[in-house]
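K.L.:
Mind docking chain B on chain A? Use the hints.
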Amino acid sequence: MAADREISSSPFAGELFLTLATEGRLVVDTARANEVIEGLERTLSLARARLRVLKIWQHVPAQRVDDLPRELADDVVDAVFADQLAPGRLEQAVEELPKYIEALRQARRKVAPGDIA
Amino acid sequence: MEQIRVALQASDPLSQAGLASYLQARPELLLVRQADRAEAKVLVVSCDRLTGEVVATLRRCAAEVGTPVVLVTGEITETELLTAVECRVVAILPRAAVTAERLAHSVLAAANGGGVMPPNLVGELLKHIERLQRDVLTPNGLNASGLTPREIDVLRLMADGLDTNEIAGELCYSERTVKNVIYGVTHRLKLRNRSHAVAYALRAGMI
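Same order as they appear, the protein sequences are chains A and B.
Numbering-wise (this note's numbering), the first sequence opens with residue 8 and increments by one.
Numbering-wise (this note's numbering), the second sequence opens with residue -19 and increments by one.
All clues given are correct.
Non-contacting residues of chain B with respect to chain A, defined by C-beta distances greater than 12 Å in every case (computed):
hint: 1; residue: -9
hint: 2; residue: 14
hint: 3; residue: 74
hint: 4; residue: 183
Derived coverage of chain B by chain A (criterion: at least 3 residues anywhere in the stretch with Cβ under 8 Å from a Cβ of chain A; other residues may be distant):
hint: 5; region: 54 to 66
hint: 6; region: 105 to 117
It should be emphasised that the hints constitute simulated quantities derived from the structure, not laboratory data.
Glycine included, every Cβ here is placed at the ideal spot set by N, Cα and C.
Here chain B stands alone, though its shape is the one from the complex:
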């Protein structure tokens, strides 16, 4: 069985020693010396936080050898996550939860993954997209459903069976405003009539 060469870089001696012992305990892994880092198939980096210095190291490694990185860190923000991913980090393990088993699993996945990010990391990136959309839409009184809060209110009351007059009374709008809201949403979403609008909103989970 060919051993997978792993390089390790930790920000403190204790972490270096602890993680090294985890890696050395696995027969399928071979921990290489710092000087032979370029030969490693996977790089394990341990740090408390993703400081500028750590990022610089990761960037340098990514540019020089492009080795996939398993990052063991205390906490990480969304922005730091994006930076880490950019630097070829393919797995992030929380320091408090790292075990020999988890570390070995991440290293093996990184070595065999061909650089493809694992599903949990892709999931984190997709969460970034969701958050980004909320940040763009919410301050503008919009949401990802494509309906404004006022349109959602009107559709919800329509779904409850209220007519235009009753909706206007409930929301303290004029009847004309309610009609305009309904016209706006049906026209924009190319819906045939009020029932269609309510059905559309219910089916899409908007109301």
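The shape of chain A in the complex, shown without the other chains:
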């Protein structure tokens, strides 16, 4: 399957990684692949949590940061500001990162058959 990316498109290349892994062109040492997968899963979990904060905030009728507990207020400000700088980046991440994870799982299996997560 052609990943069909354009040079100046999104920074994500999940489809390309899946294609490379499916075609057997991407082969990654099992230990290294596991390490990267672990990091990606952590990043995905953080992105999902931050996206939840953003969605909740967007549905709050009166958006007053002062009404929020300090700990939550910081997260909301970070999330809203980051979304203004790069709109939709978190949504893209939540959609794309699982493709990288799957690609690395496949690439790892090429190295060690039967070594399933």
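P.N.:
Here is chain B on its own, set in the frame of chain A:
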């Protein structure tokens, strides 16, 4: 010994002539004519930059014959690298550093690699993943360790032996905030207590 058929396409006559001489000097390689490009086992492409025209050529070659490509180029960005990889580029040689030896080595590896990318190219792809994660997390005040900068600050001071009151004073937080930060991190990472949190962060190289 069976010779490996190599096709060459350079963006300028000088590079074409120079690279051709490198390839022809190796007895194990056979440089084929442009018209016989489809018979080549490896394609060497030389260009100053990965322009739209070069990418179009690479895409066409990848779609038509799927020959592994050794790319000789001036400079390449991360985005261009991904595009190149998509077009079956399996080795990238900087123009300024290309030698007959390096070129032959890359061509032989491409011919014998069965399409599998060499470790250095895989390394570049893994760097892309690292950079991508930073780009997602940093603007959100997060990092790949899973800890916020504030959590790292608190854990670092805990590791230095400061109690809640002292940490609050050091970071200009209320004691309640410090307690909430500690509770948040221990709860989220399923750690038993403060010592466990500090040990976890130290072991993982987070602080």
